[in-house]
Amino acid sequence: MKFEPVTCKDVIIHICENLNEDIDSDRCRAIKHHIENCEKCREYGYSIECIIDWYREYDPDFTDTQHDALLKKLGLE
Amino acid sequence: MSEENLIARAKTGDKEALRELVKKYEKTLYSFAFKICRNRDKAENIMQETFLSMLKSLKGFDGNSKLSTWLYRISVNHCLMEARKQKKGIFVEPGDDDELFSDKYAADWSNIPHKSVENQELKDILDRSIAKLAPEYRIVFTLRDVQQLSTEETAGITGLSVPAVKSRLHRARAFLRNEISKEFQK
Numbered sequence: 001m002k003f004e005p006v007t008c009k010d011v012i013i014h015i016c017e018n019l020n021e022d023i024d025s026d027r028c029r030a031i032k033h034h035i036e037n038c039e040k041c042r043e044y045g046y047s048i049e050c051i052i053d054w055y056r057e058y059d060p061d062f063t064d065t066q067h068d069a070l071l072k073k074l075g076l077e
Numbered sequence: 001m002s003e004e005n006l007i008a009r010a011k012t013g014d015k016e017a018l019r020e021l022v023k024k025y026e027k028t029l030y031s032f033a034f035k036i037c038r039n040r041d042k043a044e045n046i047m048q049e050t051f052l053s054m055l056k057s058l059k060g061f062d063g064n065s066k067l068s069t070w071l072y073r074i075s076v077n078h079c080l081m082e083a084r085k086q087k088k089g090i091f092v093e094p095g096d097d098d099e100l101f102s103d104k105y106a107a108d109w110s111n112i113p114h115k116s117v118e119n120q121e122l123k124d125i126l127d128r129s130i131a132k133l134a135p136e137y138r139i140v141f142t143l144r145d146v147q148q149l150s151t152e153e154t155a156g157i158t159g160l161s162v163p164a165v166k167s168r169l170h171r172a173r174a175f176l177r178n179e180i181s182k183e184f185q186k
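Going down the list, the protein sequences come from chains A and B. Counting in this note's numbering, the first sequence runs from 1 upward without gaps. Counting in this note's numbering, the second sequence runs from 1 upward without gaps.
Rather than coming from a laboratory, the hints here were simulated on the basis of the structure. Treat the hints with care, as some may be off.
Said to hold, decoys possible - DSSO-like cross-link-like pairs, simulated, lysine-lysine; straight-line CA separation at most 27 Å:
1) K123/B - K72/A
2) K27/B - K182/B
3) K123/B - K73/A
4) K11/B - K73/A
5) K66/B - K72/A
6) K72/A - K27/B
7) K42/B - K23/B
8) K72/A - K24/B
What the hints assert, rightly or not - Across the chosen pairs, the derived CB separations fall in these ranges:
9) E43/A - M1/B: 47 to 57 Å
10) D97/B - I35/A: 34 to 44 Å
11) A69/A - L58/B: 46 to 56 Å
12) D26/A - Q185/B: 35 to 45 Å
Think of the CB as a built atom: it goes at the ideal place given N, C-alpha and C, for glycine as much as any other residue.
Use the sequences and the hints to build the structure in full.
In structure tokens, the structure reads:
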């Protein structure tokens, strides 16, 4: 499983944007401190990344037969 | 040829332009419908109905949003109509945050071996887990996380506010994590 590398700062900015907080605010500094020291939060983030990756990769094939059937249905064959 | 020109030609009934637009979006819309309804025949039907709606309404498309956004909006409506045909009570609305983030669902994800989605057991787990999630949440998760649209675009497609999209997204993620964790613990 490959992930685009992100820095801790990227993560904090993302979280703080979602909280509508400035990255230098007390709230964001507290979040950064918590993430650096919390195994549960790191595991949560890892599990969500796995789940998103799996649902992205689980993609059905779209065949030429389906394409032809679609054009026929639309009267565009 | 730009999409704008294609749309202008398609609005006049130009079949070549219509075919090009269909070709451009058919896979995306089929994949999206499948990821919502988890059934290939239903996904194909939803995709066909979406393009039929496009043919009927394209002249009214004002270009204020991207064509893809407009098509997703139509597809979402067809997906919701399909979901409403199913028995009431089979979908779960994610509960409150205390329940969603409860430790009782915590599987040790660091010990879960790398699994490929080519693995049928994992596919079944993913299907069963998302099938329980209420369609309104499934749609937000799929648009935002799986199709990788922006929060704003997801809000535009679903008619939700940006905070509502964020709220549904984090609840959908937590719900799926809990369901998949339960499956791994079996």
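Structure versus earlier hints - violations, ascending order
1, 2, 3, 10 and 11
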